[in-house]
Amino acid sequence: MVRTSIRLALSVLLLASLQLTGLAQTRMPQLKFTDRTLANGMRVLAAPDSSSPTVAIQVWYHVGSKDDPQSRSGFAHLFEHIMFKSTKNMKSEMMDRLTEDVGGFNNAFTADDMTVYFEVVPSNYLETLIWAEADRLSGLNVDDANFKSERDVVKEEFRQGVLAPPYGRFEYLLQQKSFLEHPYKRPTIGSIEDLDAASLKDVQEFHSTYYRTDNATLVIVGDFDPKQLDAWVDKYFAPIAKPSRPLPRVQVKEPPRKSEIRVTEYGSNDLPAVGLTYLTPRQADADSDALRVADVILSGGESSRLYHSLVYTQQIAAEVNSSAETREDASLFVLTAVLSEGKKVEDVEKAMLAEIRKLQDTPVSAAELDKAKNQLVTNQLRQRETSNGKALALGEAAVLLGDAGRVNTDLERLQAVTAADIQRVMKKYFTDTNRMVLYYLPEASKKSGEGK
Amino acid sequence: MMNNVRDLFAPLRLCVNLLFIAVLLSAGVSAQTPQATPPPPASPRSGTFPKPVEETLPNGLRVIVIERRETPLVSAQLLIKNGGEVDPPELAGLADMTANLLTKGTQTRDATKIAQEVESLGASLDSGARWDSSFATVSGMSSKTPQALEILADVVRRPTFKSEEVERLRQQYLDNVTLALGDPGTIARMVAARVVFGDSPYGHPVSGTQESLTRITAADITKMHSRYYRPDNAILVIGGDIGAKDGIALATKYFGDWQKPTTPMPTLSAAMDGAGSKTGRVVVIDKPDAGQAAVFLARTGINRKDPDYFRGVVSNSVLSGYSGRLNQEIRIKRGLSYGAGSQLDTRRDVGPFVASAQTKNESGAQVADLLLGEISRLSSAPPADIELTPRKAVVIGNFSRNLETANGLVGQVGSLALYGLGLDEINRYINNVQAVGTADIQKFASAKLDPKSSNIIIVGNAKAFLPELQKKYQNVEVIPITELDLNTALLRKKQQTG
Chain A
1 MVRTSIRLAL SVLLLASLQL TGLAQTRMPQ LKFTDRTLAN GMRVLAAPDS
51 SSPTVAIQVW YHVGSKDDPQ SRSGFAHLFE HIMFKSTKNM KSEMMDRLTE
101 DVGGFNNAFT ADDMTVYFEV VPSNYLETLI WAEADRLSGL NVDDANFKSE
151 RDVVKEEFRQ GVLAPPYGRF EYLLQQKSFL EHPYKRPTIG SIEDLDAASL
201 KDVQEFHSTY YRTDNATLVI VGDFDPKQLD AWVDKYFAPI AKPSRPLPRV
251 QVKEPPRKSE IRVTEYGSND LPAVGLTYLT PRQADADSDA LRVADVILSG
301 GESSRLYHSL VYTQQIAAEV NSSAETREDA SLFVLTAVLS EGKKVEDVEK
351 AMLAEIRKLQ DTPVSAAELD KAKNQLVTNQ LRQRETSNGK ALALGEAAVL
401 LGDAGRVNTD LERLQAVTAA DIQRVMKKYF TDTNRMVLYY LPEASKKSGE
451 GK
Chain B
1 MMNNVRDLFA PLRLCVNLLF IAVLLSAGVS AQTPQATPPP PASPRSGTFP
51 KPVEETLPNG LRVIVIERRE TPLVSAQLLI KNGGEVDPPE LAGLADMTAN
101 LLTKGTQTRD ATKIAQEVES LGASLDSGAR WDSSFATVSG MSSKTPQALE
151 ILADVVRRPT FKSEEVERLR QQYLDNVTLA LGDPGTIARM VAARVVFGDS
201 PYGHPVSGTQ ESLTRITAAD ITKMHSRYYR PDNAILVIGG DIGAKDGIAL
251 ATKYFGDWQK PTTPMPTLSA AMDGAGSKTG RVVVIDKPDA GQAAVFLART
301 GINRKDPDYF RGVVSNSVLS GYSGRLNQEI RIKRGLSYGA GSQLDTRRDV
351 GPFVASAQTK NESGAQVADL LLGEISRLSS APPADIELTP RKAVVIGNFS
401 RNLETANGLV GQVGSLALYG LGLDEINRYI NNVQAVGTAD IQKFASAKLD
451 PKSSNIIIVG NAKAFLPELQ KKYQNVEVIP ITELDLNTAL LRKKQQTG
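Sequence lines, in order, name chains A and B. In terms of this note's numbering, the first sequence is residues 1 to 452. In terms of this note's numbering, the second sequence is residues 1 to 498.
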């Protein structure tokens, strides 16, 4: 959920990727960075790179939609929007004046586990932006009119993302139905009713609970002088006091699934869709690496197993996808397909399960494994063509993986994944009892009683 | 999915100090604590753009190489100078299907082998047609560039268009049409093209319609390929972690023996001059289950070589972008949409200008009013420098960031080459943007964006906004989604007359 739709792809990138490697032929540039923590608990990661006269500034807050208050689903994301309104020293939208108006840009996104604010500006504006980020961390000063107008924007974002696209609700339901206990069961965008219930009081409460120096990581990548940066950080961020009250953390554990969950829902789609999800361990778990490689083998490109089998050979699906959706507390491995005209949803489900079974029964070949690893290398190179992309990688390693150094070692970990590892995780997690199956059928088929 | 993400953040070299002071004044920041106002910027650092190097091979193929070494990636794009605009009227989608089928089999590789070889390199290979061009692009690690270019040359030069692949792709395209017709924004875009361009070449959906796709044969595709895919009608752009010498040597190795046919070159078709375009239509596509209404204002704009090009680009930036006037009025002030914006799509011939937003069905008519109002205001209240300078900075920033990635470089340079513009325009771009003033915007807006000659298209649940819309316009055409026909400017399926 991002502030503006132009950059919607970013959240996908974050959930879906962050893969690296280092195959012999390709020089994988290491990201050299400094890492320090201020006395108030704020962490600062910085990587100088003067290849272009711009700088990327990011602040990662370790609070996401899993921390939405009770009966306020969607609040962390709504709050992200409010962070662009008035603060003690800035008028509404002043962040745009400091970035967009000088040829840079800003945006932000909210995910289950974190909220990230970022700017890219000509490098001579770095001090200005450090001041601005420190200012909105220090406090908000939003009036009711601004709050309500921005809440309407978020409701339109809900309609544009969930209600208008033919499969928007399908994706929403996939997450909602996949978790029984953990707050991940509330999709980040929330619901219209809960958004309507939110108030200015909630905003102040949320800010003082989660927007604090010991819950923030500043990431700077690009054209800057490290000593100068330290001085600016000391000047603007160091004086912000760390609150004494404890920082709440979600303690709920998602229980293991005991039997297959099956759900059928109807929507405005013309072609039926089917989704499978499996509960997988938290992102930092060692099995995540093998699951990420398995994801590429299943759906990375037209030579991938799902595409080649369901779309190309059998021609029963118009689209297939898979995703190792890693999260901090518990993850999902998601497989989806949109059917071709006139095909049966049961057949497509069977075909997806058959591809899973093949990976359980037979180890992947060395060539197929190498192919997946090469795809992961290229993906990482593409992500890191820009300062902002590098900063996202660094922030994710530090905040979600708990080890900033992983920004440079992730590819080695993926390189180390063997065919046996893949077979092992496929057997371990892709069991009948650990499966949720969602059929998303056209409303019309319900009326006609057609069991498409 | 991951491959769609291109974050194009980049260099800037404008002097912004004066601008910054203006911004502070306008923001009216109060002076209190030591740090109540933002610290001013330091002096700017300038960057440089890479210089394209080019050579035309004896067979007429124009090769352009742009070196940018920061990341070990290379992107190579083969452009054919014709695309969807040369589709015969009854065969909409032919150019796109032809280009897409390049990667589905050659004389020595079948579709499966092509995908496997490309992906084993960690590379990606895409092809398709747009307006004015068809393309095949390969991008991946620079260490694999020779292998990637060999495959690129093979698919462009020796595709086989086997009938089983044609049938497979036809079904995929038909499924995609079905998917597209479920989304209000996508429907509105296709309807807008028909409304503005009527039955002329830019009017049809570039990926075809349900009816046209079923008519396309393997013979049509083979004919399209042999007519347009020839070295003297093509441009090869290679960008990223590669030197000019190496790039040209590789191009010569894999494309140098591509024979130029003796038949005359296809003409670069004049799609239309804009004179025949439709104005003043108000079209509602009634989709009762739409979760939101897509509201479009559409009219002709300018062509890419129009002397007004930079005036147009800056005018559009005044309207569009996060802090552009449309988003200010519709999203920021009123919370009516997640985002409103506009596009000036310049092509070989006059392309469309479109302003759009999605909103709850109930606000459909109000948003149409707001879009129209802002287009009018561009000439009645053109931006003074305090507004204009930041909007120019946006254009320059976007342009510069786009040149920061291999794909962005290749796309920008390819577009200049396609339209016969000097490649050194890259280095004049910033000055050209800076030269646009308030009077230029006013002139452009009144001459080229007159709202009276615009069309309104709304796709959504009509009963929520139609009464309000009909109060304003007598000529509203309401077409139920089940009767929508994108094959004709009438947009409505013919009545069965028995």
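Don't take every hint at face value.
[Claimed, not checked] Dumping the calculated SDA-like pairs for lysine to any residue here, alpha-carbon to alpha-carbon at most 25 Å:
(1) B:K333 to A:K344
(2) A:K344 to B:K260
(3) A:K201 to B:K260
(4) A:K344 to B:V177
(5) A:K91 to B:G324
(6) B:K260 to B:D154
(7) A:K227 to B:K260
Derived by calculation from the structure, the hints in this document are not laboratory data.
Against the structure, the hints:
The hinted pair formed by K333 (chain B) and K344 (chain A) fails the criterion: a straight-line CA distance of about 47 Å is larger than 25 Å. Under the criterion of a C-alpha separation no larger than 25 Å, the hint pairing K344 (chain A) with K260 (chain B) is inconsistent with the structure, at around 49 Å. A C-alpha spacing of about 72 Å is found between K201 (chain A) and K260 (chain B), which places the hinted pair above 25 Å, so the restraint is violated. This hinted pair checks out: K344 (chain A) and V177 (chain B) have alpha carbons roughly 19 Å apart, not beyond 25 Å.
Annotation: proposed proximity of K91 (chain A) to G324 (chain B) holds, straight-line Cα distance about 18 Å (limit 25 Å). With a C-alpha separation of about 16 Å, the suggested pair K260 (chain B) and D154 (chain B) falls inside the 25 Å cut-off, and the hint holds. About 60 Å separates the Cα atoms of K227 (chain A) and K260 (chain B), which puts this hinted pair outside 25 Å; it is violated.
Hints 1, 2, 3 and 7, counting from the list given before, are not met by this structure.
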